[in-house]
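Chains A and B are the protein sequences, given in the same order.
Each residue of the first sequence is one higher than the one before, starting from 300 at the first, in the numbering used here.
Each residue of the second sequence is one higher than the one before, starting from 6 at the first, in the numbering used here.
No lab work stands behind these hints: they were computed from the structure.
Be careful, since some hints might not be right.
[To be verified] Under 8 Å between C-beta atoms, here's a sample of chain A residues computed to sit facing chain B:
| id | residue |
| --- | --- |
| 1 | 370 |
| 2 | 401 |
| 3 | 414 |
| 4 | 425 |
| 5 | 439 |
| 6 | 478 |
| 7 | 490 |
| 8 | 491 |
| 9 | 494 |
| 10 | 498 |
| 11 | 585 |
| 12 | 587 |
| 13 | 589 |
[Unchecked claim] A few chain A positions that, by computed beta-carbon distances, are all more than 12 Å from chain B:
| id | residue |
| --- | --- |
| 14 | 329 |
| 15 | 355 |
| 16 | 390 |
Just so it is clear, CB atoms sit at the ideal spot from N, CA and C, and this is done for glycine as well.
Here are the chains, one letter per residue:
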Amino acid sequence: MKLSLGNLLFFWPQQQVHDFYDHAKTSIADTLYLGESVCSKRRELKLNDWLELGKDISQQGKQVVLSSLALLEAKSELAVLKKVCDNGEFLVEANDFAAVHLLSSQHIPFVAGASLNVYNQHDLQYLYKKGMQRWVMPVELSKDWLSDMIEGCKELGIHKKFEIEVYGFGHLPLAYGARCFTARSENRPKDDCNLCCINYPQGRHIDSQEGEELFLMNGIQTLSGKAQNLINDLPHMQGLVDMVRINPHSLESLTWLTLFKQNMQGKAPVSTKDYCNGYWHKIPGMSLVG
Amino acid sequence: MELLAPAGSLAALKAAVDEGADAVYLGFKDDTNARHFAGLNFNDRQLNQGVQYAHDHNAHVHVAINTFAHPNRAQVWFDGVKHAVDIGANVLIASNIAVLEYAATHFPQLELHLSVQASATSSAAINFFKPFGIKRVVLPRVLSFQQVANLKQDTDLDLEVFAFGSLCIMAEGRCYLSSYMTGESPNTVGACSPAKYVRWNDTEQGLESRLNNVLIDRFQEDEKAGYPTLCKGRFNVDGKITHALEEPTSLNTLELLPKLYKLGVCSLKIEGRQRSPAYTRQVTRVWRQAIDSVMKNPDTFHTQDSWNQQLAQLSEGSQTTLGAYARQWQ
Chain A
300 MKLSLGNLLF
310 FWPQQQVHDF
320 YDHAKTSIAD
330 TLYLGESVCS
340 KRRELKLNDW
350 LELGKDISQQ
360 GKQVVLSSLA
370 LLEAKSELAV
380 LKKVCDNGEF
390 LVEANDFAAV
400 HLLSSQHIPF
410 VAGASLNVYN
420 QHDLQYLYKK
430 GMQRWVMPVE
440 LSKDWLSDMI
450 EGCKELGIHK
460 KFEIEVYGFG
470 HLPLAYGARC
480 FTARSENRPK
490 DDCNLCCINY
500 PQGRHIDSQE
510 GEELFLMNGI
520 QTLSGKAQNL
530 INDLPHMQGL
540 VDMVRINPHS
550 LESLTWLTLF
560 KQNMQGKAPV
570 STKDYCNGYW
580 HKIPGMSLVG
Chain B
6 MELLAPAGSL
16 AALKAAVDEG
26 ADAVYLGFKD
36 DTNARHFAGL
46 NFNDRQLNQG
56 VQYAHDHNAH
66 VHVAINTFAH
76 PNRAQVWFDG
86 VKHAVDIGAN
96 VLIASNIAVL
106 EYAATHFPQL
116 ELHLSVQASA
126 TSSAAINFFK
136 PFGIKRVVLP
146 RVLSFQQVAN
156 LKQDTDLDLE
166 VFAFGSLCIM
176 AEGRCYLSSY
186 MTGESPNTVG
196 ACSPAKYVRW
206 NDTEQGLESR
216 LNNVLIDRFQ
226 EDEKAGYPTL
236 CKGRFNVDGK
246 ITHALEEPTS
256 LNTLELLPKL
266 YKLGVCSLKI
276 EGRQRSPAYT
286 RQVTRVWRQA
296 IDSVMKNPDT
306 FHTQDSWNQQ
316 LAQLSEGSQT
326 TLGAYARQWQ
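Model the full structure from these sequences, guided by the hints.
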């Protein structure tokens with residue numbers, strides 16, 4: 300199994316992004332996802348900056364994939380998405396069917412991102428015919444669901460025709476909203492948000508009134524309050540999963556790449572107290588097995 | 006401009022048709038239906054009666070098979086499509102690629118509407134689904150009026166919008182908050198914050214609502230306790246107890262009606278298949294009057310106070326809002 304590093308879901312200042320990638324580009328990740336998938340107003344790095352960064356990283360022998368916006372509303376966002384899809388150099392992770400359309404209508408291969416509603420082998424077959432090279436499983440699905448899909452793919456003769464990637468570590472994207480939750484939490488309207496999410500580099504916590512960690516607000520996105528950690532589930536992914544993704548929320552997240560690599564066969568398990576892994580085990584996502 | 010009313014039961018269907026709905030939408034009693042709640046929806050006998058009743062009164066029936074087919078029993082969804090055809094449904098509302106492809110291949114005459122659960126918010130996303138032969142797109146409630154207007158220019162497909170009812174602040178079909186807490190989501194089982202996980206506890210600190218044991222809200226005696234849909238809970242954000250995601254308000258677009266009409270929106274959808282037949286009756290009655298009035302003369306249309314009063318009584322939290330439609334976003 301290969302390891303990937305997800306694109307930054309949080310909004311960080313430009314220098315912090317560059318510092319992060321100075322480390323990330325020499326990490327053991329096989330694939331790096333780059334770019335903005337949450338909010339089009341976040342422009343500390345513009346598309347050209349991401350492309351420059353991508354060139355630099357790909358010279359290290361790593362695969363670079365450009366992640367695209369998950370929720371498109373404005374025409375201007377569609378125009379940016381077109382530029383991402385037409386970049387001509389890097390594979391694109393389509394996080395909305397708009398991107399799948401823009402890419403497939405030009406016969407450009409793509410990665411089908413986790414926010415696309417793909418729940419069965421028939422969906423996979425349709426997207427495979429459209430040029431899907433890799434499928435990232437929706438975060439709410441389990442090992443059993445994945446196994447059923449793979450069985451279905453075998454029946455359809457599309458097993459192993461594309462890679463399968465699973466989110467292994469990090470806060471899980473759970474929802475995309477009409478409003479900016481972070482701006483709202485500061486009593487700012489969305490269209491005058493002052494890009495205040497830059498003040499919450501690891502998201503803003505939403506806890507229950509009893510202090511239970513529930514969610515993280517990250518602009519228009521709601522993330523899981525706990526980070527998911529499937530490190531001890533890696534041995535059971537063999538034969539099902541081709542790539543496991545680490546979603547960074549800090550520079551320290553990079554150390555999990557090494558820890559994951561060491562435990563691929565289950566030889567170096569790690570305590571996952573305070574994390575969750577429920578989705579993989581077909582129970583509530585916030586739960587922890589093991 | 007069509008008035009499309011919710012039919013969570015045969016009684017609700019009849020109420021909607023009696024009050025002048027042009028069409029009703031409904032679903033089967035299984036997880037192909039994004040309103041798969043205990044005590045709701047139609048068995049075979051009720052389906053046949055309902056379709057007959059609607060057609061006898063010149064109303065159309067839209068069948069929603071709008072969840073996502075499970076890999077080990079996709080045939081259930083495909084059989085659902087066939088069932089919809091067999092009972093004489095006028096329209097299939099679907100969101101899943103597998104379901105749309107099956108319907109387009111096997112029943113090319115069946116009119117297809119792209120469900121709101123497909124989250125198609127742009128012309129490019131609509132174009133992705135176009136090869137299935139869809140005629141109409143149900144737009145997610147995340148778009149502003151101007152964004153709806155832009156889409157109208159950029160697609161030749163018909164547009165249906167939500168006009169009234171419970172307000173989903175997340176892009177529909179893309180919210181896993183419910184499965185994060187309970188293991189069950191709209192996409193996988195057809196229910197958000199399922200009732201079997203709900204508990205109410207009377208405590209010294211107030212009436213508590215819990216979902217799978219997580220405290221969603223706490224109500225004082227003078228407060229109206231709402232169903233613990235988890236995005237409408239009161240949570241702690243850095244010491245402040247607040248509706249961190251969503252206030253418990255409802256969507257009401259009455260005052261936008263002339264603009265929606267002039268824009269050429271083809272259908273107004275009333276949310277609420279989970280609500281009572283009395284709700285369906287009253288809300289359909291008000292919207293029938295409003296739509297008749299706007300179609301007579303959109304320039305002299307004005308919202309009658311009595312309409313808003315009647316609708317406010319039916320609303321969650323008794324407050325209504327224009328939702329995202331009111332935003333100035335382009």
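Practice item. Could you tell me which of the hints above the structure violates, numbers in ascending order? Key: When the structure is compared with the hints, numbers 8, 9, 10, 12, 13 turn out to be violated.
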